[in-house]
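Q: What follows is each chain in one-letter form.
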Amino acid sequence: MANVPEDLHYSKDHEWVRVEGDSAVIGITDYAQDSLGDVVYVELPKTGEKFSANESFGSVESVKAVSEVFTPVSGEVGKINETLADEPEKVNTDPYGDGWMIRVRMSSPGEVDSLLTAAEYEDFTKAETE
Amino acid sequence: MRYIPNSPEERAEMLAAIGLGSAEELFDSIPETLRLRGLLNTPAALSEIELLSRFEEMGARNAGARRTTFLGAGAYSHYIPTIVDHIISRSEFFTAYTPYQPEISQGTLQTIFEFQTLVCQLTGMEVANASMYDGSTGLAEAVLMSERVTRRSKIVASTSVHPEYLEVVKTYVQHAGIDLELIEFDNETGQAGATLAAAIDDETAAVVVQSPNFLGCVEDLTTLADAAHARGALLVVAITEAISLGLLKPPGACGADIVVAEGQSFGVPLSFGGPYVGLFATREKYARQIPGRLVGEAYDKQGRRGFVLTLATREQHIRREKATSNICTNEGLIALAATVYLETMGRRGIQEVAQQCLQKTAYASQRIAQLPGFSLPFSGPRFNEFVVRGPIAASDLLSRLAGEKEIEGGIALSRFFPDLKSDFLVCVTETNTRAQIDALIEALTSLFANKTAGTQP
Amino acid sequence: MTSEITKVTTHLSPNEQLIFERSQKGRIGYRLPPLDVEEMPLDKLIPRNFQRDDDLESMPEVSEVDVIRHFVRMSTWNYSIDLGMYPLGSCTMKYNSRLNERVARIPGFANLHPLTDERDSQGALQVIYELQQHLIEITGLPEISLQPAAGAHGEMTGIMIIRAFLDARDGEGASKRRTMLIPDSAHGTNPASAHLSGFSVKTIKSTSEGLTDLDHLRELCAHGDVAGLMLTNPNTLGLFERNIQEICQIVHAAGGLVYMDGANMNALVGVARPGDMGVDVIHLNLHKTFSTPHGGGGPGSGPCCCTKALAPFLPVPRIVKSGESYRLDYDQPQSIGRVKAFFGNYGMMLRALSYILTHGNDGLREATEAAVLNSRYIAKGLTGTYEKPFNSPPMHEVVFTDKLQARKGVHTLDIAKRLIDYGFHPMTIYFPLIVQGAMLIEPTESVGRQELDQFIAAMKMIAGEALENPELVLTAPHTTRIGRLDEAAAARKPVLRWKPKAKADAA
Chain A
398 MANVPEDLHY SKDHEWVRVE GDSAVIGITD YAQDSLGDVV YVELPKTGEK FSANESFGSV
458 ESVKAVSEVF TPVSGEVGKI NETLADEPEK VNTDPYGDGW MIRVRMSSPG EVDSLLTAAE
518 YEDFTKAETE
Chain B
16 MRYIPNSPEE RAEMLAAIGL GSAEELFDSI PETLRLRGLL NTPAALSEIE LLSRFEEMGA
76 RNAGARRTTF LGAGAYSHYI PTIVDHIISR SEFFTAYTPY QPEISQGTLQ TIFEFQTLVC
136 QLTGMEVANA SMYDGSTGLA EAVLMSERVT RRSKIVASTS VHPEYLEVVK TYVQHAGIDL
196 ELIEFDNETG QAGATLAAAI DDETAAVVVQ SPNFLGCVED LTTLADAAHA RGALLVVAIT
256 EAISLGLLKP PGACGADIVV AEGQSFGVPL SFGGPYVGLF ATREKYARQI PGRLVGEAYD
316 KQGRRGFVLT LATREQHIRR EKATSNICTN EGLIALAATV YLETMGRRGI QEVAQQCLQK
376 TAYASQRIAQ LPGFSLPFSG PRFNEFVVRG PIAASDLLSR LAGEKEIEGG IALSRFFPDL
436 KSDFLVCVTE TNTRAQIDAL IEALTSLFAN KTAGTQP
Chain C
12 MTSEITKVTT HLSPNEQLIF ERSQKGRIGY RLPPLDVEEM PLDKLIPRNF QRDDDLESMP
72 EVSEVDVIRH FVRMSTWNYS IDLGMYPLGS CTMKYNSRLN ERVARIPGFA NLHPLTDERD
132 SQGALQVIYE LQQHLIEITG LPEISLQPAA GAHGEMTGIM IIRAFLDARD GEGASKRRTM
192 LIPDSAHGTN PASAHLSGFS VKTIKSTSEG LTDLDHLREL CAHGDVAGLM LTNPNTLGLF
252 ERNIQEICQI VHAAGGLVYM DGANMNALVG VARPGDMGVD VIHLNLHKTF STPHGGGGPG
312 SGPCCCTKAL APFLPVPRIV KSGESYRLDY DQPQSIGRVK AFFGNYGMML RALSYILTHG
372 NDGLREATEA AVLNSRYIAK GLTGTYEKPF NSPPMHEVVF TDKLQARKGV HTLDIAKRLI
432 DYGFHPMTIY FPLIVQGAML IEPTESVGRQ ELDQFIAAMK MIAGEALENP ELVLTAPHTT
492 RIGRLDEAAA ARKPVLRWKP KAKADAA
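Protein sequence lines, in the order shown, are assigned to chains A, B and C.
Converting from the first sequence to my numbering requires adding 397 to each position, the first position being numbered 1.
Converting from the second sequence to my numbering requires adding 15 to each position, the first position being numbered 1.
Converting from the third sequence to my numbering requires adding 11 to each position, the first position being numbered 1.
Worth double-checking, as some hints may not be accurate.
List of simulated lysine-lysine pairs, DSBU-like, C-alpha gap at most 30 Å [said to hold, decoys possible]:
| no. | chain 1 | residue 1 | chain 2 | residue 2 |
| --- | --- | --- | --- | --- |
| 1 | C | Lys414 | B | Lys420 |
| 2 | C | Lys510 | B | Lys316 |
| 3 | C | Lys419 | B | Lys316 |
| 4 | C | Lys332 | B | Lys436 |
| 5 | C | Lys18 | B | Lys337 |
| 6 | B | Lys316 | C | Lys332 |
| 7 | C | Lys332 | B | Lys185 |
| 8 | A | Lys447 | B | Lys185 |
| 9 | C | Lys332 | A | Lys523 |
| 10 | C | Lys414 | A | Lys523 |
| 11 | B | Lys185 | A | Lys461 |
| 12 | C | Lys332 | A | Lys461 |
| 13 | B | Lys337 | A | Lys443 |
| 14 | A | Lys461 | B | Lys337 |
| 15 | C | Lys216 | A | Lys523 |
| 16 | B | Lys300 | A | Lys487 |
Keep in mind the hints are simulated off the structure, nothing from the lab.
It should be emphasised that the depicted structure is a prediction, and the values quoted were computed from it without experimental measurement.
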């Protein structure tokens, strides 16, 4: 059973958002990392880059697959998780903690409201596996 | 048909076993109107004896293959040690497939890993791939890679790069939104010249140069690298005569960012233009942008070292339209031939071959320069190719050398540069003996020396 | 419980390090004649700062005996067609004839420089011309270029030709036609090649039968932005697109062109022709259908054939016949340009021509029949043991899945690895992508009945093991000199070359 922390928001592309003031920390969910397999490389943007909601900001690679990652909210990249360059496996072992990817200064904090709650995301992933 | 193991009787039994009455029924899903009624209008089968006879006859009509040769321009006559062909003819190498199942392909994988290492050592670069089709397509891919890496869309290239290579680059970039600017080479030195560096600006993704270049001249790569980097552009170096790496400063040591080379000089027969092998090498920081296959070291659960295709997410079968290239099949067996050659010749042999090429070329070029009516129009330093300017149209001169003296004396530049009617490119390698070179000089003397331009000999 | 494996037995396998680890200072593997001209000082010929100064440090120094033993030992670690059946779907691993190898080495071809004057290379040009004629006959498309060096290269060429044709036909309007339709079952080179020609890709769905969904095709064509359709026929599921003529009509009516990926021609040679189906341009894989050797990853050759309307756009030079002689025609102002220096992978053309002449027109047909028969035989033999997702009779290749075995935790990868213990090279796995857990099996005509039976038996035994002793399958292979490699670790910290010890430590 994949882990789905209560206090986060989720997207249908399997990203999570942790709101910290007017910033959003973003990563991929436990469900996503499990389907991908062992992560070998994470491609992240540079700080200062701006994205709109649902735009791709990078990608996650396993040995045999690559998946784009999409930001659920619009904003400017304030920080990226540089440790992933040397330890991409953190996305597998701690997807909601050390496996975080980017921190975005939200340009429209209201966008968070249209994201899924933990319960909604859980239902969504159950439906996908059927 | 002798290559089909199952006899007609066995095939009849198999058809019955799967519930079919005839071979024709195998194709029931093909609409009848599309099925051919009779046999194809191609020849009837030939026996080995007949077939070899036909091909030998066609082979015999290639007079060029029998003559003493001084031809270069992207394909070179070097001695191929006997063991090269013997090793690449081993069933396990040439009838094997791409090593997708590493447990039963370690032979192929380890040899590719050695190939990648040798290419890095020779070019002075940090990572090399498992091969491209050849130097020309490798250069095209290097240009596309430069655009990916820098996110800029202008390429500046010297016209002293092999003209056919530039043609291929043009084909590849025509829909890629890349602007290719060609800068004329320096007419005096035969090198790319100061105008090339001057053309680099802040929009330039890469500056492209060949060394030794198409005219045989060695380029000042370090100065060009500095000029490129000062504007945030990459230096892409193409090499057609890979043996030159045995003697010339490697592009990596000069500051090149991507090196592409034609590896045909390393144990690969001329074979009328192919199959050849493209070497492709770059800096480690660009490894994920490199096209083509990569072999890396890996370990199993027992800690045994092996090799495996890696970083496959760059490639078409995973990344599809966003792949670094569409390449799938490359030049595996030819890369193996190059690997065997390089390991056989080794550290000493590669240098000795390069030295002999250089010295014999100097011997030839100096003597030709002394012939009345002949000159060497380009002053740049040369390795094993040089341009000769003769007293009559080069194509006629070479035609007479071939027909009357059985010597392939060179390649008429007018083929690529219509204005250079009197110029031809001569290549000398370790396979040209002093006697052959002297015969060339003798032939040029007796046929053409002391003739002024336009006078019938 | 170990099943009875009859095809292979364990045996001693030599170990062999990297050549750099074998290298010993002072060993020599060659001898050149002594320099026979006066030696000039190096600095007089090449400026000092253009000279190499590292003495090719770290490059190997080995004797000829070292080289022979090194490569022969490593060769014994490889599976190959000469050892036995190599059922890689979509690869056509048929017999690589030795006669073809002999032909390619005839000195009149092997020693011929590509820039030799036409007059002195007529035999070589004749080979190109004759092969062109035969491939034209085989495909039913009247024009051709042999310049592309591999299938993907031929694809790029074909798609660029489509682009050039549309740009010439529609002028400004062509800029609205930048969509290439590609089935969800297509090989990855297809979208990658389309991208190179400046097209964007839209995916066409397959029906539950595994064929192109005509309604979806019509729907996509109605947008008016379709430049063309790329399809493989038979498709990557081994099924013949029986609606191919209608498919071509739909695309043509929408103003687009049809490109066929010829990878699966081994099911069609001598039986049906793409040109007759309405296809506009096709690439062939000489290293598949025409038996030129796979060489561990090439060389290949990917000729591109097309209709007369597309001919002006083919790469230059064209090889043509004038009276009794052959010449190079560069006068093609609408050509897309060169795709490679010189003529293409000429050595593979020699081999392919030899293949065609050795088979003869009846042998070519026979090979196709035998290839499809072998595939159909395997399909029957494994039905019931493995899930066969499509009911239509397969052509030269058949796809199964791991669905029945996955219930016990055994997946396609594991089955493939266990097949190695049985002495076979695995089939193609996880392709095409639209079939989950795909196993694509293509025996080719080069396999005898006994070996087919052994293969079927092996697959059945593995299916049994998957139920009764899954651990055996999950940890396979057991008898290879190396087990499953940690590919994730290899990709995280790639080591892509050998480094001398001192440098490696410092790194």
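Q: Look at each hint and say if it fits the structure.
A: Each hint, compared with the structure:
1. Pair hint Lys414 of chain C plus Lys420 of chain B does not hold up; C-alpha atoms about 72 Å apart against a cutoff of 30 Å.
2. Under the criterion of a C-alpha separation no larger than 30 Å, the hint pairing Lys510 of chain C with Lys316 of chain B is consistent with the structure, at around 24 Å.
3. A threshold of 30 Å between alpha carbons decides the hint, and for Lys419 of chain C with Lys316 of chain B the separation of about 23 Å falls inside it, so the pair holds.
4. At roughly 27 Å between alpha-carbon atoms, Lys332 of chain C and Lys436 of chain B fall within 30 Å of each other, so this suggested pair holds.
5. Restraint check for Lys18 of chain C and Lys337 of chain B: the C-alpha separation of about 42 Å exceeds 30 Å, so the hint is violated.
6. Under the criterion of a C-alpha separation no larger than 30 Å, the hint pairing Lys316 of chain B with Lys332 of chain C is inconsistent with the structure, at around 61 Å.
7. Of the pairs offered as hints, the one joining Lys332 of chain C and Lys185 of chain B holds, with about 28 Å between alpha carbons and a cut-off of 30 Å not exceeded.
8. In summary, the hint linking Lys447 of chain A to Lys185 of chain B is not supported, as the alpha carbons are separated by about 34 Å, beyond the 30 Å threshold.
9. With a C-alpha separation of about 66 Å, the suggested pairing of Lys332 of chain C with Lys523 of chain A is violated against the 30 Å cut-off.
10. With a CA separation close to 20 Å, the supplied pair Lys414 of chain C and Lys523 of chain A stays within the 30 Å bound.
11. A C-alpha spacing of about 33 Å is found between Lys185 of chain B and Lys461 of chain A, which places the hinted pair above 30 Å, so the restraint is violated.
12. Restraint check for Lys332 of chain C and Lys461 of chain A: not satisfied, since their Cα atoms lie roughly 48 Å apart, outside the 30 Å limit.
13. Distance hint between Lys337 of chain B and Lys443 of chain A is fulfilled; the C-alpha atoms sit about 20 Å from each other, no more than 30 Å.
14. Distance hint between Lys461 of chain A and Lys337 of chain B is fulfilled; the C-alpha atoms sit about 15 Å from each other, no more than 30 Å.
15. In summary, the hint linking Lys216 of chain C to Lys523 of chain A is supported, as the alpha carbons are separated by about 25 Å, within the 30 Å threshold.
16. Only pairs whose Cα atoms come within 30 Å are accepted, and Lys300 of chain B paired with Lys487 of chain A is accepted, the gap being roughly 22 Å.
Hint violations for this structure: numbers 1, 5, 6, 8, 9, 11, 12, all remaining hints satisfied.
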